[in-house]
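Using the sequences and the accompanying hints, generate a full structural model.
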Amino acid sequence: MNWDWEVVDDFMPRFWDGLALTLQALVLGSLIAFALGLVWAMAQRSDLRAIRWPVTAFTEFVRNTPLLVQLFFLFYVVPEWGPSMSPLTTGIIGLGLHYSTYTAEVYRAGIGGVPQGQWEAATALNLPRVRTWTAVILPQAIRRVVPALGNYVIAMLKDSPMIAVIGALEMFGEAEGFSNETFTTEAYTIVGVAFIVIAYPASLLIRLLERRLVLTS
Amino acid sequence: MSSPADTPQTPETTDSPRENGGNGESRANGSELVRFTNVTKRFGDVTVLDRLDFHVETGKHVTLIGPSGSGKTTILRLLMTLLTPDEGTITVDGDHLNHEERDGKLVKAGEKHVREVRKKIGMVFQQFNLFPNMKVLRNVTEAPVHVLGLSKDEAVERAKGLIELVGLSEHLDKYPSQLSGGQQQRVAIARALAMRPQVLLLDEVTSALDPELVAGVLDVLRDIAHTTDITMLCVTHEMGFARDISDCVMMFDQGRVVEFGPPDKMFSEPEHERTREFLSTVL
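Line by line, the protein sequences are chains C and X. Residue 1 is where the first sequence starts when you use the UniProt record's numbering, and the numbers rise one by one after that. Residue 1 is where the second sequence starts when you use the UniProt record's numbering, and the numbers rise one by one after that.
Mixed in with the good hints there might be a few duds.
Unchecked claim - Computed footprint of chain C on chain X; a stretch qualifies when at least three of its residues, placed anywhere within it, have a C-beta under 8 Å from a C-beta of chain C: (1) 80-90; (2) 118-125; (3) 132-143; (4) 190-201.
What the hints assert, rightly or not - Heads up, incomplete: computed chain C residues facing chain X, CB under 8 Å, no partners named: (5) Gly117; (6) Gln118; (7) Ala124; (8) Leu125; (9) Ala135; (10) Val136.
As the list claims (entries may be wrong) - Label-pair distances were calculated between CB atoms; the ranges are: (11) C:Gly113 / X:Asp86: 26 to 36 Å; (12) X:Glu212 / C:Pro115: 18 to 28 Å; (13) C:Glu60 / X:Gly104: 45 to 55 Å; (14) X:Leu148 / C:Gly113: 29 to 39 Å.
What the hints contain is simulated information worked out from the structure, not anything from laboratory work. Yeah, the Cβ is synthetic: ideal placement off N, Cα and C, and Gly gets one too.
This is how it looks when you write it as structure tokens:
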């Protein structure tokens, strides 16, 4: 195997472009996953079956079909009757939507872990429903689930190359394009290293967070 | 408004706790504040309350005693709307708790109605149930601000007064986890009182405490019982405390009232064998 630093130099501009896209997809995708997941989790606790049932069906469906298929669906099928979006936007929505069904489960466990007595105290004080959620239940629930949410951010990072298939050229997409054009392989290695360099410190950070949150709760 | 509560159909086991103030219309001392009419509550096949009738007059302190499983706590939880009765009606200060009148008929109450009536009731729990994510002061101001609509300053002033009453002024800025069980329970008492309820429900408030912390909590409650005109409904195993603060002690067994009377009589010369038996196990 021969390693050519000149090839590396040639690839780097495209690598930085790809990295920027990866991080953008990751940050925005995570925000969508965090927000939507919470919506799903709360909807599944609704008193109304008309809300509970469709949400459960939808999240089960999304969780149990491949992300790759969902990305193709969003990019090629949805525009036939709905909005058509850029590859990056589609990728972000796809990642966010897919992972929201996992974060929903995380939130659900977190909310379920808040003792029944907290709900009862909120009732006894006559707190309005919204206030009970925002001031009492969610602050306690989210504290418990931060580490688990973090793990899904890392999982999403590792799934992010999939958005390349619909043309959102993040790190891996750039590497693939570059390698095919130049008949070289260095770019793949660089991207592989880049994933570790991002993911490993992130998982250490999550572990740290976990220890601190558990200690003080 | 509510006519069902006025019909004098109290069975022999249950009349007014202590000197029946009649059915005066005024809501001053002596009038009826809480009434259970024919209340039945089942959990699965187990009937916890069996067509229970009783009422509590304004300003009275009533202690519910009886073996575990006799339905005492269920009564408090029904009043706090943490449970709903399977049959019968409950009124608080003349208003139906779980029902409302529409076109002259009693129907299941909507959320708005329940919230309105629930304002009159406060509860202190066995497990304190303070909000662990809020400091002591905010535990006490949270509901006055967001339910009663007090300004922040008013709520803080009210809260500080009550926290002083329960002897915890130096702990305003602590989280519940930094307090002992007894201190937490005293905060919970202040939190309930901050809503100025007409009825305070005390559900075995010292049962989860280490023995040396019980006295502090009971002292606070004694103080409140003797210096305010709040109505209390209290489930406790502390018979000394019950004797001190109660106007009336009601003995429950298997979802029914066995007998009731002033504490002196109940503790020294109960009429029913069942009461004697129970008291001999706890005194």
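Hint by hint, here is what the structure shows:
no., hint, result
1, 80-90, "holds (count 3)"
2, 118-125, "holds (count 6)"
3, 132-143, "holds (count 5)"
4, 190-201, "holds (count 3)"
5, Gly117, "4 Å, holds"
6, Gln118, "6 Å, holds"
7, Ala124, "4 Å, holds"
8, Leu125, "4 Å, holds"
9, Ala135, "6 Å, holds"
10, Val136, "6 Å, holds"
11, C:Gly113 / X:Asp86: 26 to 36 Å, "30 Å, holds"
12, X:Glu212 / C:Pro115: 18 to 28 Å, "25 Å, holds"
13, C:Glu60 / X:Gly104: 45 to 55 Å, "47 Å, holds"
14, X:Leu148 / C:Gly113: 29 to 39 Å, "30 Å, holds"
In summary, the structure agrees with every hint in the numbered list given earlier.
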